[in-house]
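Asks: Below are the chains, spelled out letter by letter.
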Amino acid sequence: MIQFSKICKRYPGGYEALKNVSFEIAEGEMIFLTGHSGAGKSTLLKLVAAIERPNSGSIVVKGQNVSSIKGGALPYLRRNLGLIFQDHKILFDRSVFDNVMLPLQICGFDHRESAKRVRAALDKVGLLKHEKTSPIALSGGEQQLLCIARAIVNRPSILLADEPTGNLDLDYARDIMNIFNSFHQVGVTLLISSHDESILRQFKGRVLALKNGMLCP
Amino acid sequence: MKNLLVSHVHVLRLTLRRFLTTPLSSLLNILVFGIALSLPAGMYLLLKSVQSLAEKEVGSQQISIFLSMDASRDEVTKIGKQLKQHVGINQVKFVPRDQALEQLKQTTGLTDVIGGMAENPLPDAYIVYPETSDAQALEALRDELQKWPNFEHVQLDSAWAYKLEAMLKFGLLAVFFLAVLLSFALVAVTFNTIRLQILTQREEIEVSKLIGATNAFIRRPFLYFGLLQGLLGGAAAWLLITVSLYLLNNSLSELTQLYTSNFALQLPSVGDSSTLLLLSAYLGWLGAWLSVAQHLWKIEPR
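Line by line, the protein sequences are chains W and S.
So the first sequence is numbered by the numbering used here: it starts at 1 and just counts up by one.
So the second sequence is numbered by the numbering used here: it starts at 218 and just counts up by one.
Keep in mind the hints are simulated off the structure, nothing from the lab.
Among these hints, one or two may not hold up.
Using 25 Å as the maximum straight-line C-alpha spacing, the simulated DSS-like pairs for lysine-lysine come out as follows [said to hold, decoys possible]: (1) K515(S) with K46(W); (2) K62(W) with K46(W); (3) K322(S) with K89(W); (4) K515(S) with K70(W); (5) K204(W) with K62(W); (6) K129(W) with K70(W).
Partner residues aside, some chain S positions facing chain W, computed with beta carbon under 7 Å [unchecked claim]: (7) H225; (8) L416; (9) T417; (10) E421; (11) V424; (12) I428; (13) G429; (14) A433; (15) F434; (16) P518.
No experiment lies behind these values; they were computed from the predicted model shown.
Glycine included, C-beta positions come from ideal geometry on N, C-alpha and C.
Take these sequences, add in the hints, and give me the full structure.
Replies: Below is the structure:
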């Protein structure tokens, strides 16, 4: 499903975020990406979604070579991915419902069909009662849940989550991990990064540990 | 196909909402379009009205020849024959002095004044219709006739119309330059409006790109906005022009009645109106397109 071979990523200025990283993720796997902050977890996730490009090596996602993908094909790659960000990237000028609606509008879905899907996604994360409120009224944990609802409304086959439980208290963190686990059970491929290994130990999943930009054996 | 339609309808709704969220600035922008376009378009229509008047006069080519008062009857008839034999002349009409006086009485109503005069002050006259309608050939013919004996005054009746037409052509050119300059200004206005919109919607653009929006999808609402602003601005210009021409015609009709003429300014025709609307919509679209091309690629998610 996701294949990295000999990936190096150097940022302008000379900082080397990833050094010769190779791994493979099979379909339906749940992967925990761990490591101290600055180890290269975010960079690795950004490479999968082609937000950053590698300096060398190749990345293949769903049979598509992402490292050399053209700008025109990029949107269609991202529609297959559900992206969950640590800083949520929620739009505060519209309601909770409209935030989740955005990916479906982008894909040009029929309005009535998408409304059903949006409610289903909000129900899944437990935010259905807040559908008409502004995201600004939500707590940090609820905003993270909203971000998850937006990522899954498109029913992507791959979910990428960058520190989804960072800054959250233990209850929310466990809720969110439970939601991820339920996606794992229906066959979604998940790649979840976290610096907090204690919460990951409660769930079954392969661990990829990064240290100073290299994979620990 | 249906999806495409749905998304276009969605974008249109979004665009209208953007208009309504900033009603004052939208209104001002539309007004800027309206005023800037009504200036050259209104002047163009005025010039065209005057031009149609001039064309009517140019259409009836004629040379009036006024004979000297002391020419005898025989001389007058001889001149008439000579004129008819002239190759450059198509038709000759004789206006005897008595008939001319009678006509003057009827058209001006100055019966009392004319009746009080001891003798007829008007000369015999010939009205000559030349073969050619070329301005230079007409002038040459006039100059030639001027040299004939017993001709007191030879007048090319359409000369003033030619002069007016030449001036109008110059005026139209000036209006054209003004229109080009103002078009640039309108493109610049839209460019800046859209630039501000892109900056305030930076976050939305970024997130949309992250979740798989194509560039066309992101571009669309801005282009629609420019197009709609241009179209509404064109409509405003049309309204301004039509209302002012209507008001001008009202006061003009009082004036023209005094001159027993039925001259009136032409209101914009269907063709003129649609050209105006299309042009202003295009200018809005162009400004938006340039702005989007300039600014959108700079916003990449990090």
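Asks: Run through the hints listed earlier and report the numbers of any the structure violates, in increasing order.
Replies: Of the numbered hints, 3, 6, 7, 8, 9, 14 do not hold.
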